[in-house]
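Note that the protein sequences, when read in sequence, are chains A and B. At position 344 of the first sequence (counting the first as 1) the number is 344 in the UniProt record's numbering, and the numbers step up by one without a gap. At position 4 of the second sequence (counting the first as 1) the number is 4 in the UniProt record's numbering, and the numbers step up by one without a gap.
It is possible that some hints are incorrect.
Distance condition first, Cα-Cα at most 27 Å in a straight line; then the derived BS3-like pairs of lysine-lysine [stated by the list, open to error]:
1) A/LYS258 <-> A/LYS155
2) B/LYS329 <-> B/LYS3
3) B/LYS373 <-> B/LYS359
4) A/LYS385 <-> B/LYS3
5) B/LYS329 <-> A/LYS359
6) B/LYS313 <-> A/LYS320
7) A/LYS385 <-> B/LYS373
Hint data in this document are derived by calculation from the structure and do not stem from the laboratory.
There are 2 protein chains.
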Amino acid sequence: MPKQFSRLVDAETSTFQATALRVTDASVFAKPIVIASSDARFIVAEQLAQSGVAADIVLEPSRQDSAAAVAVAALCAAKRDPSTVLLILAADHVIGDTEAFRAAARDAASGARAGHVMTLGIQPTRPASDYGYVRPGPVLDGLSGLHAVERFVEKPDKAGAERLIAEGALWNSGYFMFRADVMIAELAAHVPDVLAAARAALEAATSDLDFIRLDAAAFAKAPKTSIDYAVMERTSRAGVLPVSFPWSDVGTWDAVWKVLDRDSQGNAVRGRVELVGTTNSLVHSEGEGLTTVVGLDDVVVVATPDAVLVASKARSGEVKDLVATLRQKAHPEADAHRRMYRPWGWYQRIDIGERFQVKRIMVTPGGRLSLQKHYHRAEHWVVVKGTAEVTVNERVVLVHENEAVYLPIGSMHRLTNPGKIPLELIEVQVGSYTGEDDIIRVEDIYGR
Amino acid sequence: MPKQFSRLVDAETSTFQATALRVTDASVFAKPIVIASSDARFIVAEQLAQSGVAADIVLEPSRQDSAAAVAVAALCAAKRDPSTVLLILAADHVIGDTEAFRAAARDAASGARAGHVMTLGIQPTRPASDYGYVRPGPVLDGLSGLHAVERFVEKPDKAGAERLIAEGALWNSGYFMFRADVMIAELAAHVPDVLAAARAALEAATSDLDFIRLDAAAFAKAPKTSIDYAVMERTSRAGVLPVSFPWSDVGTWDAVWKVLDRDSQGNAVRGRVELVGTTNSLVHSEGEGLTTVVGLDDVVVVATPDAVLVASKARSGEVKDLVATLRQKAHPEADAHRRMYRPWGWYQRIDIGERFQVKRIMVTPGGRLSLQKHYHRAEHWVVVKGTAEVTVNERVVLVHENEAVYLPIGSMHRLTNPGKIPLELIEVQVGSYTGEDDIIRVEDIYGR
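So that you can see chain A by itself, here it is in the shape it has in the complex (with noise of 0.2 Å):
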C-alpha cells in the first residue's frame, strides 16, 4: 500500500489522514484541495471519511510530477479568489508538533500574501544526505523572520550537508505557500506549457458526487517536471521562513524507525511482536499472526498477511529497487495490496483453493454494487454483520445476519447495503475459474 496511506506512524491514522487533520482548524485553513491518483480515489474518500475531513478531491488521470498537481491546485483556488493564499502539503511526512506547524503557517502566510513564493527550511538536525537544503539571503523587506532565499542545493554528501549546516543552510520541507495569482504567473512564466494544460484538464474536467476528474488527454500534455525545478529555482520571489518543528519524509524506513517511539534497546514495535536479543530494530506486525526476531541487530522486519519484508535498516533505501524487481517480475505485490477499497467498500480474499475461492466482503451503508453476472462461478454469500438487499434475477430479497444467498452462475445480481450500519458478508465463490475479470457489469451508480 502506498506509504501515504498505511498507518506505519501511528496505528490509528495514516500520513496522509493526519495531514489533512493539520489543516482543519477553520480559523487559520479553508477546505483542502486532495490532489491524488485516479488509481488512489477509494482510500482517499475513505480515509478522509473516517478522518471526518471534508475537502475537494481532484484526480489525476496521469502522473505528471509536481508542478502540474500545483498548477490545479493554483487554479482551482483562484477560481474562489485569485488572490487565495495556498499551502502546499506532501501527504507522506510527520510532523511532531502541530501547534508550531501551525504558527509557521500563519508566519509564512504574511510572506505570500505579500507576493512571495515561501518555502519552510526546516532547522537540520543530523548532517543529512538524504534531503535537499535552503540557503536563507537577507530578511523580506517589512517582513521579520521571514528570509529572501539565497539558493536552493541539492541533497549534499555528509560532508557537504556538514558545511552547509555550519553556513546556516536549512532542510527544504518541500512545504510551500502563495498567493494563487503569483504562482500562475510564475507558472506562465517558467513552464507555460504545464499551466495550460493544467488548465485544460481543468476546464474539460467532469464532476461527480466524490470526485472532479481531470480531462486525461488534456492533462497528459503536462511536461512532467517537479515545482521545485519548473518555479522554486528559478523565481525572483522565493522566499523562506526558517522552522525548528520535528520533521521527518519517512523516505526511507530507517526515518520511520528515527519518528517512532522506541524501547530501551532501541526497538519500535507494533503489533504481534516477541524479540530475542534485538537491538535498534523496527519490527511491525500486522493483523493475527506472530512475528519473532532472534539475534540481530539494526533491522526492520514488516510483516502483514499478504507480504513480508525484511531489510537491513542502513540499506533500506533499496527497499526502492525490490519494488521495481517485483514489478518487473509481475508480483502482484508491487502495487496491489490486499484489502481493494471500491466506491462501495472493500473486499479482502481469505482463502483460495482449486475451483474456489473465499472473500471477505464489506459494504458502507448505502454503498451499492454494480448489477454484475459471471459465466465461470456461482456464488454463496453469507452475511456476518447487517443486513443486505440482495437482487437475483428477477427477485429482490433482504438478507440478515446469519443468513445466506446462492447466485447461481449466469444469473444477474447486485448487493447493497439498504442499512444504517457497515454490511458484512462472506463470499464462497465455486467455479472452473474466479478470476477478477469474470464480471460483466451491467449497471453501476458509479460509473465504472
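We have chain A; now place chain B onto it with these hints.
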C-alpha cells in the same frame, strides 16, 4: 509445528516421512514401530498414510525421555521374537545417501546379532561442537569393520572437537542397533525402574484401529533419562560401525541451511521469495505470501501464514529460548499451528471477526466427525470439493460441490465424507461465541 513433521528440508517429505521411507525395504527391515507423543498422533497417522508406510504406532501419554521409549520398543519387538534386531532412528535427522545407510544397517546388524549394542559413528566433516563423539576401540572379535566403543564423549568445545577428530573419534549419530533380549537385559541391569514402568505401561495399554496407547499412570513412573546415559555409556557390549554418509541432526537453523541446496550467493530459498543484496541465508516462504529480504547476510527467515521468524543464523540456537518465552507468555504459536489435524482430516481458520469465524475443513474419504451441537453459534457449510453426508437432527442429506447447508444454533449435526475423494468445505460460523470449547459431543467413532 514440530520440526520432524514440517517440510523444511524437502518441500514434499518431512524428515519423519523420510525416516519411515528409509526403512521400507522388506528384504532388510520389518514393519516399523513408531513411538510418538499422544499429541502428535493424528499427524503421525496422516503423514504415514501419505507416504504409504504401514507401522505400529505406540503413543506415549507423557514425555519420559529416550530410555523409556527404547524400553517400550524393545518389549514390543520381543513379543514378535526375543532375538529380533532393532534399529533405533530419530525422526528429525537428514541422511544424504539412503543406499549407504541401508548398507550400514546391514553391517551393524551382524554385531547386534552377536549380542553387541551397536551405534553408527559418523565420520566428522568439521570440528562440530554441537554433536557428541564416540571413540572406537579395537575391532570386535570376528566382526570385521565393527569396533568396540572405547568411550563416548559429550559435546566438546571447538578445540576439543579438533583433538577428538585427530584421534579418530566419530560423531555419535544416536542410531542404535541391538537384539531385543540384549537391550531388555541391559535395561534390567542399569535402569530397572525404566524397564518396569515400560512393561507395566505396555501390559495395560489399550489398542484401537490406529494406535496402541500406553497406560498413562504406569508410564509416568518411568524415570526420565536418556538411553545414552542409561545404557550406552555403561554397558560393556557397546560397539560402533564407522560410516561416512552425509548426515545432519538438523538441530539448528544453521544446520538446516547446511543440508539445503544453495545458489551461488549461498542462499537456500523456498516458496515465493525475492532477495536483494542478500547472502548465505535461508528464506522459506509458506503459503501464498511473498517474502522479501534486502541487504542482509547470514540470516534465517521463515514466514508462514500464522507466524514469522527472523533470526541471525549464527545465533539460531537461541530459537529454543524464544519458544520457552512464547510458552511462558501463553502465545498459542509456541505449540499450536494453523492447520489442526484430527482423526478425520484437518481444519484451519481463514478469517475471524466480531461474532463470526470462517474455517476451511478437509475430511478424508470415510472420515466422520462426532455427532455434536453448539449452544452459541450457527454454521453454514458450503461444499467446495467432493460430497458431504450431513446429518441435521433427524434428517440426513447429501451435499455436493457448490451446495450449502445450514445448521441452526442447538441443532444436533454430524459431517461425514461418504465418497472416494477428499471433501473440502468452507464453514462460516455466526454467533456470540465461536471458541473451540462450545462443542457438545454426543457420539464419536474415534473415542474422543
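Structure-based check of all given hints:
1. A/LYS258 <-> A/LYS155: holds, 19 Å
2. B/LYS329 <-> B/LYS3: holds, 21 Å
3. B/LYS373 <-> B/LYS359: holds, 17 Å
4. A/LYS385 <-> B/LYS3: Distance of about 40 Å is beyond 27 Å: violated.
5. B/LYS329 <-> A/LYS359: Roughly 33 Å separates the two Cα atoms, so the pair is violated.
6. B/LYS313 <-> A/LYS320: Between B/LYS313 and A/LYS320 the Cα gap is close to 26 Å, so the pair holds against 27 Å.
7. A/LYS385 <-> B/LYS373: Status holds; Cα separation ~23 Å.
Consistency note: the structure conflicts with the earlier hints numbered 4 and 5.
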